[in-house]
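J.: Chains as they are written, first to last, in the numbering used here: chain A, 1 to 479; chain B, 1 to 161.
Honestly, the hints are just simulated from the structure, not real lab data. Check each hint, because a few of them may be wrong.
[As the list claims (entries may be wrong)] Heads up, simulated SDA-like pairs for lysine to any residue below, C-alpha to C-alpha not over 20 Å straight-line:
| no. | chain 1 | residue 1 | chain 2 | residue 2 |
| --- | --- | --- | --- | --- |
| 1 | A | 392 | A | 294 |
| 2 | B | 106 | B | 76 |
| 3 | B | 132 | A | 434 |
| 4 | A | 431 | A | 180 |
| 5 | A | 434 | B | 150 |
| 6 | B | 106 | B | 92 |
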Amino acid sequence: MMSMERIIRSGERIALAHYHLDPEQWEAMLTAPGRALSLLSCWADEQRVYVLFLDGDCPLMASTPVEDRRYLAPSSRFPAAEWGERVAYDLWGVEAMSACGDGRPALDDGFWETTWPLSSRPGPGGQAMPLPAGRSRLRAETTGLSGPLELSFDVLRGAVQGLSVDAGLAHRGVLQRMVGLSPEEALPLVARMTAGGFVAHPMAFCRAVAQARGLQPGPGTRDAWMILLEIERISVHLFDMARTARAVDAGLLATHCEHAREAIAAACAEQGVPRRLTDVITCEGVRSGLEIVPLAHAVLEVMYSRMAQLRELQSVFAPRLKGLAVLAPAQAREFAVGGLVGRASGRSLDVRRREVGMRLDALRATGSSDGDAAARDALRLTEIRDSLALIKRILGSIGMDDDEPAPEATQEGIGAAEGARGDVWYWVRLKNGKIESVHARDPAVSLLPVLHRVLQGEAPERLSAGLKSLALAPSGVAM
Amino acid sequence: MTAFQTMGPLSVLHAFLNVSRWRVSADKGMSVRPDTINLYVLETGGCEGCAMEVESLCGSAFALEQYGFARVTDPADADWLLVTGPMGRACVQMLERVWNAMPAGKSLVAVGACAVDGGMFGPNYATLGGLKALTPVRRAIPGCPPSPQDILVGLQRLAER
């Protein structure tokens, strides 16, 4: 019997890491014995269904034709694929057979102008379904998150049970808006995918585009991107720490995090760079006029003087976050939850470790594997420390050459970036220089299938604090 | 030497005393209002950039209250509704719910390009393309995203009208 990865590689290789499988190979892949690969994302359109895996630390992608608007559901083997299958049904009207889950709408709750809006046979818009009677609700405007996301649940002896998530309110159809544009024309849309990834999303996208074009970003661009990504990580971690702290009345910690984040924004502005690093990544490198070395020094100066105090305050208030919104290590593994949330639950995935030119010695973050809000908060601060060390290391050898050869140009590419909230992935297919097809995977998506388990048993009044600690971004989920 | 070892012995009291030293000061020329305008913030399906900037403004790095504004968490206490994001079709009910819960004399303020007309997220099957699709937008603060200082200055100008 062949392993899952061997079955995939027995298909027709059509790009660096993408294999076309026939329906028999697809089924064999989903029923292969032994260890399953880690699923990163699943998506489909009217023609094909795709899965993106992590094989070791490298991406591996498979796809198969959609026949009669149906395909064998990847969620029959990978429960985390369910979200992508539901999205595909809402957008294209293609159906996943033998899917796990209850098949509820992912994005379209009946408010859209058309049903299956991207399909060749769209229908009239649906009708919003009322919530089953007796269920409690955390309305979208009361979650405390930056974007709309609604929770419904039962309360049994003061504890949340049977939680379900309506995560589609923030859907804007961003990916569809990119189709037919050149990568350069599409970049402003990518740069507004989600505010926690103003750098990470464009960076992953530009890496995918470079691979599709058979290009390898030079060492100068590579290092500038790495520094910008670390500055964003520090800023977003501070934002998430501040918001979590406010949710548990740790105002002093929140205050210091907020001040530090604003000081970074001011340092960026003083260097002539947008405060939140919007539109700094381009397909060719970085925006014109951006001087990365003085920017990096300015951020280091701002943060070093604050770190000891932040650590002190974080440890003082940590007990308030103990046991809140626990993601068990086994669940993190089963659902391939990456990013900071996964790492705080014992997963070691950090796609920076596979990057060419990465100064690996600076990535030392370790911490508790308890998987609760306290573990996540402590890890955020430790990762800020590592980001500062990494920036310093890069400055010490900026533009250091490497021998990485350019990939073969196949008009298809996969790119990744380890954003503050986790690993961001892009897949693009170009045709005549324009985007023919594109998919993005935000780390928030990997949290959806585990959210009901993470929040199960919490008191309803603690849900908001739990969500804030997980730093779930509805804009990243729904796009 | 690690980042955590660059300072000497510390205490929570020291951190408390340090807060005012690090507060970002707004424009010195900005006027201070005698009465308070209560703000309720609603994100309606954008990238969350504007929402996060409003959140920063409402945090302790800015002295929002000093300039006559306060953030409230119940629409029943709000005078102004600050909307961010390009108005998803699925978010209209939420907007109506919040608006209807606000007391009479209320105002609507679009914060950021998307909230006005959708910005780069114009109308499609899922998005209406900003508040403009629902009502004339008379009060707006431009930017993508506007900085907390921009938002504060914009709020002050609107309050002076």
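J.: Hint by hint, note whether the structure agrees.
T.: Do the hints match the structure? See the list:
no. : hint          : result
1   : 392/A - 294/A : 12 Å, holds
2   : 106/B - 76/B  : 10 Å, holds
3   : 132/B - 434/A : 31 Å, violated
4   : 431/A - 180/A : 9 Å, holds
5   : 434/A - 150/B : 36 Å, violated
6   : 106/B - 92/B  : 18 Å, holds
Of the numbered hints listed earlier, those contradicted by the structure are 3, 5.
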